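Chains A and B, in that order, are what the protein sequence lines are. Residues 36 to 114 (our numbering) are what the first sequence spells out, left to right. Residues -4 to 136 (our numbering) are what the second sequence spells out, left to right.
Simulated from the structure, these hints should not be mistaken for laboratory data. Don't take every hint at face value.
Stated by the list, open to error - Some chain B residues near chain A, calculated using beta-carbon distances under 10 Å: (1) A49; (2) S52; (3) M53; (4) A54; (5) I89; (6) V90; (7) I92; (8) I110; (9) L113; (10) K114; (11) Q115; (12) R116; (13) V117; (14) P118; (15) W120; (16) I124.
Bear in mind the structure is a predicted one, so any value in this text is a computation, not a measurement. Virtual Cβ for every residue (Gly too), placed ideally from N, Cα, C.
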Amino acid sequence: MIKVLFFGPVADRVEMREMDIDYSDGMTLHDVTHKVGMLYPGALSIVSFIAVNQEQVHDKQTALKDNDEIAFMAKFSGG
Amino acid sequence: MSEPVRIQIEDFSQDAEIAALKASSKRMGGIATFLGCARDFSEGRDVSQISFEAYGSMALAEMRKLREEAISKFDLLDARIVHRVTTVQAGDNIVFIAAGAAHRAAAFDACRWMIDELKQRVPIWKKEITPQGESWVTPHP
Chain A
36 MIKVLFFGPV ADRVEMREMD IDYSDGMTLH DVTHKVGMLY PGALSIVSFI
86 AVNQEQVHDK QTALKDNDEI AFMAKFSGG
Chain B
-4 MSEPVRIQIE DFSQDAEIAA LKASSKRMGG IATFLGCARD FSEGRDVSQI
46 SFEAYGSMAL AEMRKLREEA ISKFDLLDAR IVHRVTTVQA GDNIVFIAAG
96 AAHRAAAFDA CRWMIDELKQ RVPIWKKEIT PQGESWVTPH P
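All chains should be built: construct the whole structure from the sequences, respecting the hints.
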């Protein structure tokens, strides 16, 4: 299972904070992004950062493992 | 002594943070601090409250990295970063950063660098609550 997390403005658009996606062999970050984009196109448009297991990832071809945690995040505005 | 990097709901004491920083070394000749607080006005609107949300585990890890990088980059003797994640009222404290160095220039530079980097790198979001409604803040440089 892949755990997908949403925060702040992205969570508001998705109207949830967390969802699970079934893991399959050979899955990449692109597969998850595509699925989220299909389900919530309005949310993906404000995503500026994606993290896999709390590390920012830029390569959509990044291979995923079962139980990975992926976060879709808008631009940060802390401080 | 409290951890030098924290995310917390409750307010912090600048005096306690500075005392903890000073306790780490007597070679410290300069301490620069930044205190970020909640404004009651933004983008032409009154703001009554600001609500913060964080990706807690990643935010804390990134803030710890940021502190380590600042210590190394500016040859600091110590540094502290505290960010509140809760709903604050206008005037309340939000974030505190302190940089301690042998001399003032490094302390000033490091303090500025840490708050600038925090805004770019740490997954925290703020939502302004106004009489007209709520809206997530779009970051500005």
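Each hint tested on the structure:
Look at B:A49: its Cβ gets to within about 7 Å of chain A, closer than 10 Å, so that hint holds up. Below 10 Å, beta-carbon pairs count as interface contacts, and B:S52 has one with chain A at about 6 Å; its hint therefore holds. Interface restraint check: B:M53 against chain A, minimum CB-CB distance 4 Å, threshold 10 Å, status holds. Interface restraint check for B:A54: the shortest CB-CB distance to chain A comes to about 8 Å, inside 10 Å, so the restraint holds.
Interface hint at B:I89: satisfied, since its Cβ lies 7 Å from the closest Cβ of chain A, which is below the 10 Å cut-off. Given the 10 Å rule on beta carbons, the hint for B:V90 holds: about 5 Å separates it from the nearest Cβ of chain A. A hinted interface residue such as B:I92 counts as satisfied when its beta carbon comes closer than 10 Å to some beta carbon of chain A; here the least separation is about 9 Å, so the hint holds. The interface hint given for B:I110 is met, as the beta carbon of that residue sits about 6 Å from the closest beta carbon of chain A, less than 10 Å.
Using the Cβ-Cβ criterion of 10 Å, the hint placing B:L113 at the interface with chain A is satisfied: the shortest such distance is roughly 5 Å. This hint holds: B:K114 has a C-beta 5 Å from the nearest C-beta of chain A, less than the 10 Å allowed. The interface hint given for B:Q115 is met, as the beta carbon of that residue sits about 7 Å from the closest beta carbon of chain A, less than 10 Å. The beta carbon of B:R116 comes within 7 Å of a beta carbon in chain A, closer than 10 Å, and the hint placing it at the interface holds.
About 5 Å separates the beta-carbon of B:V117 from the nearest beta-carbon of chain A, less than 10 Å, and the hint is met. For B:P118, the interface hint holds, the least distance from its beta-carbon to any beta-carbon of chain A being 6 Å, beneath 10 Å. Because the beta carbon of B:W120 sits about 3 Å from the nearest beta carbon in chain A, less than 10 Å, this interface hint is met. Hint on B:I124 is violated. Least Cβ distance to chain A is approximately 14 Å, over the 10 Å limit.
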